[in-house]
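Using the hints, position chain F against chain E.
These protein sequence lines map, in sequence, to chains E and F.
Basically this note's numbering = 1-based index in the first sequence + 4.
Basically this note's numbering = 1-based index in the second sequence + 4.
Treat the hints with caution; some may be incorrect.
[As the list claims (entries may be wrong)] Covered, in the sense of this in silico footprint (three residues per stretch, anywhere, with C-beta under 8 Å from a C-beta of chain E), are these stretches of chain F:
(1) 41–48
(2) 169–181
(3) 269–281
(4) 293–304
(5) 322–330
(6) 342–349
Don't read these hints as lab results, they were simulated from the structure.
The structure presented is a predicted model; accordingly, all values stated were derived computationally and were not measured.
Even for Gly, the Cβ is constructed at its ideal location relative to N, Cα and C.
Number of protein chains: 2
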Amino acid sequence: MENEMLRTDLADFDFEERYEELATLVNQKQLRTVRDTLRDWPEVDIAWFLEELSPEKAVLVFRMLPKELAAEVFANLEADRQLYFVNAITESELSAIIEELAIDDAVDMLEELPANVVHRVLKVAQPETRSLLNKFMKYPDNSAGSIMTAEFVELKPDMSIKTALNHIRKNGADSETIYTCYVIDKARHLTGVVTAKQLLLAGIDQTIGEIMDENVIYCTTADEQETVTQLFSKYGFISLPVVDGENRLVGIVTVDDVITVMEDAATEDMEMMAAITPSEKDYLHTGVWETWKQRIPWLLILMLSATFTQAIINSFETALAACVVLTAYIPMLMGTGGNCSSQSSVTVIRSLSLGDIEFRDLLRVLWKELRVSVLCGLTLAVVNFGKLMLLDRLTVTVAAVVSLTLLFTIVVAKLVGGVLPMLAKKLKLDPAVMASPFITTIVDAVSLLIYFRFASLLLGV
Amino acid sequence: MENEMLRTDLADFDFEERYEELATLVNQKQLRTVRDTLRDWPEVDIAWFLEELSPEKAVLVFRMLPKELAAEVFANLEADRQLYFVNAITESELSAIIEELAIDDAVDMLEELPANVVHRVLKVAQPETRSLLNKFMKYPDNSAGSIMTAEFVELKPDMSIKTALNHIRKNGADSETIYTCYVIDKARHLTGVVTAKQLLLAGIDQTIGEIMDENVIYCTTADEQETVTQLFSKYGFISLPVVDGENRLVGIVTVDDVITVMEDAATEDMEMMAAITPSEKDYLHTGVWETWKQRIPWLLILMLSATFTQAIINSFETALAACVVLTAYIPMLMGTGGNCSSQSSVTVIRSLSLGDIEFRDLLRVLWKELRVSVLCGLTLAVVNFGKLMLLDRLTVTVAAVVSLTLLFTIVVAKLVGGVLPMLAKKLKLDPAVMASPFITTIVDAVSLLIYFRFASLLLGV
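In isolation and in its complexed conformation, chain E is listed as follows (with noise of 0.2 Å):
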């Protein structure tokens, strides 16, 4: 296998041309040549390949899996193959594999398991296990303490850096990153930083606290994952350590943790956006009804919502009788108003949750999507007037009152489009929940009234 490497010009790799041969081998039981091929595989890769077999041919290869890699392989299922495996093996070999899991890994798998195998799980852990899955369970859902691990090298700042070299050879395999070191005074509290780089190029007779950095950037268990992430961005970390609420060191978060929830938080962004509930599965493993029950609820309440258009449109229903011309642009202007509000939420929604803008920019949003609104509206209505003059050949009169609307519907919209999102963010809602449902009534309501008040002002129908 000698110089043999493993092109990813596309998400495709050798391993997933390889599933038929290793399938063969699973059928014939060649368990053992199987295993040792998989040896030299990537975890997550592994993963793969025993979702892709049957349960119980998937179970027989797991099992045979070395302990350290077992958990590894495990930690990469998805919560449905995880079951399964937690109810196949033996209690010896479920302890064994909970105590090789990385912590945050170990409560990521209870969180998603039914009770009583969670019971299960945590009666075979050792008490030490057992306790510090007890303590991370408790960390709410959204906050740093729920992607933190707690297999990390601590170092103490009277420490020689040959000492803290020796620590790290003795106590470095099992935590999640060696290359960042935090440094703890007596009472656990959090008082330095040393990066393996910096261990690395510094003389062997240097303390750790000469060398380490007292500037630490860091977040407490309670903070929220989009802070998190926000200082991963902005200051390049590839950990960041988590401290409790009376400063003490009780864990770190990690690059490639950030990164997964970095990618979850814009999906589900773009899923609300989109009136879609989030789910944390991927789309081909998302079951049907699972996708129906993900989208229906909010195309429910949107058609519901559009009985305050029908009744406007309703009430008006002798004016468009008089001029039914009027009603061909009842859909150019409420798309156009739909489009213009959801360009600004979008814009701001995506902003807020990158933190380039807070809810004390409020004003200076409000601002620059008048001056923005304004200009957008002159120019389409300019435009529009234009055309109907010209190809559709209405009178002035009702092309004045179809650009009129079209100015004002804009502004409108581009201002609740802005602004909805920001004072959902302050009154702690999810800005992306506001970007589709509540925006788009609204700004279709508030069209339609725009229309027919100058319709009845203008044309006096």
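What follows is chain F alone, placed relative to chain E:
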């Protein structure tokens, strides 16, 4: 300052609170004090401070910073401030910064500078740096080559661990990361990877060849950045090696740059879904005219494409005049169609960019969207029919026309929304561009055609 730490509850830092104090010192020309304070700050925050000051004052402070720190701060400045500094400093200061800058940061800067300034920068660079810069600037915008850096640690298979550690001590200071070291043969072919963790945990007498992992996952300079981010997200890398067409190691991509790429890509997708031309600047740093330019093209296109729906409504003018009540349901039908298509398209676009689905999954996506759309369509049609009969007190036929249209519109909307982004991807277009304009226009037109077809069938209008 002992034990003093930086609190980070929100995105606000002590730094920002200390702005006034430092700005006063700058005004009093106490630049040494300012420099001594800034030295303890993270580069990002020094850069932020320099951007808050006026350019003239900022450059005074900047020139006081130690060479290496100055380069790191410079890399974190916005493009316009970089340009100002480049023009304000001497040739020798500029030369020092260029030599200290990581190659990827230098390339980022050069890409934003006007041609004559680029020329000046290249002139003061050392020949070696200049040829590296010229080479790196040739990589296409969206490629792995354009985000890689040349500062990394290379090891040889026959090095002992001790030699390797000494090599790292000597050459590691300028590397972007020393945590993953890449092993190359005499022809510079990538042959293995060794982590600092493995180095520290290995016996001192082993050779690199013995402990290195030969299964290196890597990318080529020409690979798309999306492929690179998918690899980081899947495997949790801290860095990824990049090879040229002949499999020679030419650079590495580090996780901090990948986080930026991921965030920008997600922002870009959201912007395109909301019919905004993406920009690289954040919201508050984008001028009103610029924001207008990002938003107006799509608004114009979408407004004019509404001409289709107008034309359809106009051609059924007599039918609508005969049964005005039908008008009231147009917004609801078009709105629901739009919501359904954006639910599907956003899900598919996101899954494509995360690598969860590919073009070959087209039939699976179609089949899934078909089933989900029939379920959603039936649910909404039934609820809507009930509402029309009980609340709006319509006749059975009119209620049937509206509800049947709803059902068929939803099926069409979800299929179009699911398939179009995949076709776009296949045609090497950006799937996100398809989300808004095309899909909306198609779905709007189709829903009206279905509506009037049912109306003429069932109501004979």
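Evaluated hints:
Using a Cβ-Cβ cut-off of 8 Å, 4 residues of the region 41–48 of chain F lie near chain E, which meets the minimum of three, so the contact claim holds. Evaluation of the coverage hint for the region 169–181 of chain F: fulfilled, as 5 residues show C-beta separations to chain E shorter than 8 Å, against a requirement of three. For the region 269–281 of chain F, the stated coverage by chain E is satisfied: 9 residues place a CB nearer than 8 Å to a CB of that chain, which reaches the threshold of 3. Counting residues of the region 293–304 of chain F whose C-beta lies closer than 8 Å to any C-beta of chain E gives 8; at least three are required, and the coverage claim holds.
Only residues whose beta carbon comes within less than 8 Å of a beta carbon in chain E count, and the region 322–330 of chain F has 4; three or more means the coverage holds. For the region 342–349 of chain F, the proposed coverage by chain E is satisfied: 6 residues have a C-beta within less than 8 Å of a C-beta in that chain, meeting the threshold of three.
Of the numbered hints listed earlier, not one is contradicted by the structure.
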